[in-house]
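**Student:** As given, the protein sequences belong to chains A and B, one line each in that order. The numbering of the first sequence is the numbering used here, which starts it at 1 and goes up by one. The numbering of the second sequence is the numbering used here, which starts it at 1 and goes up by one.
What the hints contain is simulated information worked out from the structure, not anything from laboratory work. A quick note: this is a predicted structure, and the numbers were derived from the prediction, not measured. A virtual CB, placed ideally from N, CA and C, is assigned to each residue, including glycine. Hints may contain errors.
[Stated by the list, open to error] Covered by chain A, per the in silico footprint, the following chain B stretches (three or more residues, Cβ under 8 Å):
no.	stretch
1	129-142
2	246-259
3	311-322
[Said to hold, decoys possible] Not close to chain A: a few residues of chain B, all C-beta gaps over 12 Å, as computed:
no.	residue
4	Leu117
5	Ala180
6	Arg263
7	His279
8	Thr302
9	Asn303
10	Ser405
For reference, the chains in residue letters:
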Amino acid sequence: MPAASELRIVLAEDSVLLREGLIGLMARFGHRVVAAVSDADGLLDAVETHEPDVVVTDVRMPPGFKDEGLRAAVELRRTRPALPMLVLSQYVETMYATELLNAGDGTGVGYLLKDRIGQVEEFLDALDRVVAGGTVLDPEVVRQMLRRRRNPLETLTNREREVLALVAEGRSNAAIAANLVVTEAAVAKHIRNILYKLDLPQTEESHRRVLAVLTFLRS
Amino acid sequence: MSAQNVWQALARPGFLLSGWPLRSIGYLIVNGLTGLLTLVVAVLLLSAGGLLAVVVVGIPLLGAIALLGLPVAVVERWSLRMIDTRPVPDAHRTPPRPGLTSWLRTRFTEPVTWRELGYAALLMFVLGPIDLLAVTLGVTVPLALLATPLLLATVGEGEQVNVLKAYAVTSWPGAFAVCAAGVLALVACAYGLGLLAGSRGALARILITPTGSQLGERITELTRSRVRLVDAFEAERGRIERDLHDGAQQRLVTLTMMLGVARLDAPAGPLAEQLTRAHDEAGMVLVELRELIRGIYPPALTNFGLAEAVDELAARSAIPVDVSLTVPQRFSRPIESTVYFVVSEALSNMAKHSDADRGEVSGGYEQGRLTVSICDNGCGGADIDAGTGLLGLGDRVSVVDGRLSLSSPPGGPTRIVVEIPCQPLPNSE
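Given the sequences, and given the hints that come with them, work out the whole structure.
**Tutor:** Structure, rendered in structure tokens:
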């Protein structure tokens, strides 16, 4: 099922096998990997050269095999806030997610476990959502954050937390309603309560959703 | 219980019939010959070195004389076991680095080298000759006396034989009297040689075994080697973690992706079902592998340090855990991982045994001391010796000079405190 529009992607991944696999996967879904690089410097150069629609990058890459990919992603978030960015990681690190979100305004950014690549359709869907300006966080990240950051989220009910978790994953109200088997109106009500309890300013709704996510990341 | 050394054997009735007299003789012969050989080598080295000193190459030969005590002590340590089953520890230090220079520097700077040289000199000029003389006399005199009747019958043709070339025996009664004296001499010599070997062994032991300060040095050395072992162990864990991450994990991700794509292509039916199962299975292996890697060396610890890694541990705990850990600093890898695994073990014990509904991890770094305590409001009664988990962690903590204490009265609460004196890594705040 080819996507509606072809995305031009810069891919940074140091494992050759996985890199080739991802290129094939993207091609299959009608996207084009315009540059596939294996380190952070290569990523910055490739973005400079190709002006892609979206960047997909690994976290741990040469030369230090620490978090070079994330550092590059954070830098790109600062220099090119409008460039969508999907960061893949072998393990969940809430610090990484927080850094990524804090580096920009929290839109057009995703942080997923590499495991999710296996669920190819969901993975491509996440990519599309990031490109569309959404915020996509791995369910695992969200789970960890909800467990560990208890203030001010302690005031939320369990159902409100579930809703917030799904919001953080970048789901629309309709998707959340379907997921929790409730009406969209109920979801909207929960979200209003969440925004109220987290004491978020009255601005445009989608922006406030992002702020709500950021609240529990930063608390 | 059999005798442990020649002294104990001497005090027992069965000495003459035991192997100890022969062991004593063996010991004395080995040492006498070693003394003789050392003397020859020393003379050769001295003359060759003296002659060649003018062309510089002789100087190392002269230097080698100073090290003569080393092989002598090796032989002594080995031969001492003949007359004393107690181990003779080697007092030498292990050179800090491989290579001849390091070895030479270590040997020339440690006192035991010079004491061994002293022993070698004593052996060459005094002890060695005494050993050989004593064995010669102690063996030949009684044998000669014992053999008198035999000699009278054979070489003396029943008429005359000169005992030890000094005393002429001309009659059979005289010959048998000398023989009887030989039996007495044999007993006396066996005890005499035993006494000599025992004293010689004691003297050698005093000279070549570690003294108190050397034992202290060895303890320091052992402590260091234990730290090195732990460091090597940590490095190895890190390597395994990296290998798994860069190898197996990447391949598994690729595999699940391939299976995911294959599922899209497969027509509905048994094949699609098989693929789905394989895909799910691969996904689960990936999750398990990630957990395994976390257990080997948690990535959060490498990347962000203790506070974040403990935060993550607490977030994964089945019991809600409050964390107030103020450690912005980074510490060396063994220290961070020790504290991390203590907290990890404590939290998992808490979940398993404590019946608590709230836990707390707190601590910080103050005045050169990193302190972390883990408490719960559970039923207590934990025993550090009962589970190998905590005991093993106590060992790890002691390797980094820290202390692990546990307070867990019946009825609770349980409190585990780990304290490690340490310095943060530079530029780590």
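**Student:** Hint by hint, note whether the structure agrees.
**Tutor:** Against the structure, the hints:
Here the stretch 129-142 of chain B counts 0 residues with a CB under 8 Å from a CB of chain A, which misses the bar of 3, and the coverage is violated. Only residues whose C-beta sits within less than 8 Å of a C-beta in chain A count toward coverage, and the stretch 246-259 of chain B has 10 of them, enough to reach three; the restraint holds. With 5 residues bearing a CB less than 8 Å from a CB of chain A, the stretch 311-322 of chain B meets the requirement of three and the coverage assertion stands. Here leucine 117 of chain B stays apart from chain A, with its beta-carbon at least about 52 Å from theirs, past the 12 Å limit.
For alanine 180 of chain B, the condition that its CB be more than 12 Å from all CB atoms of chain A holds, with the nearest at approximately 89 Å. Its closest Cβ contact with chain A, about 8 Å, brings arginine 263 of chain B to no more than 12 Å, contrary to its assignment away from the interface. Listed as a non-interface residue, histidine 279 of chain B fails to keep its Cβ farther than 12 Å from every Cβ of chain A; the least gap is roughly 7 Å. Distance check on threonine 302 of chain B: its Cβ comes as close as 7 Å (rounded) to a Cβ of chain A, failing to clear the 12 Å threshold; non-interface status is violated.
Separation of asparagine 303 of chain B from chain A is inadequate, the least Cβ-Cβ distance of about 6 Å not exceeding the 12 Å criterion. At roughly 27 Å, the least C-beta separation between serine 405 of chain B and chain A is larger than 12 Å, which holds for a residue marked as non-interface.
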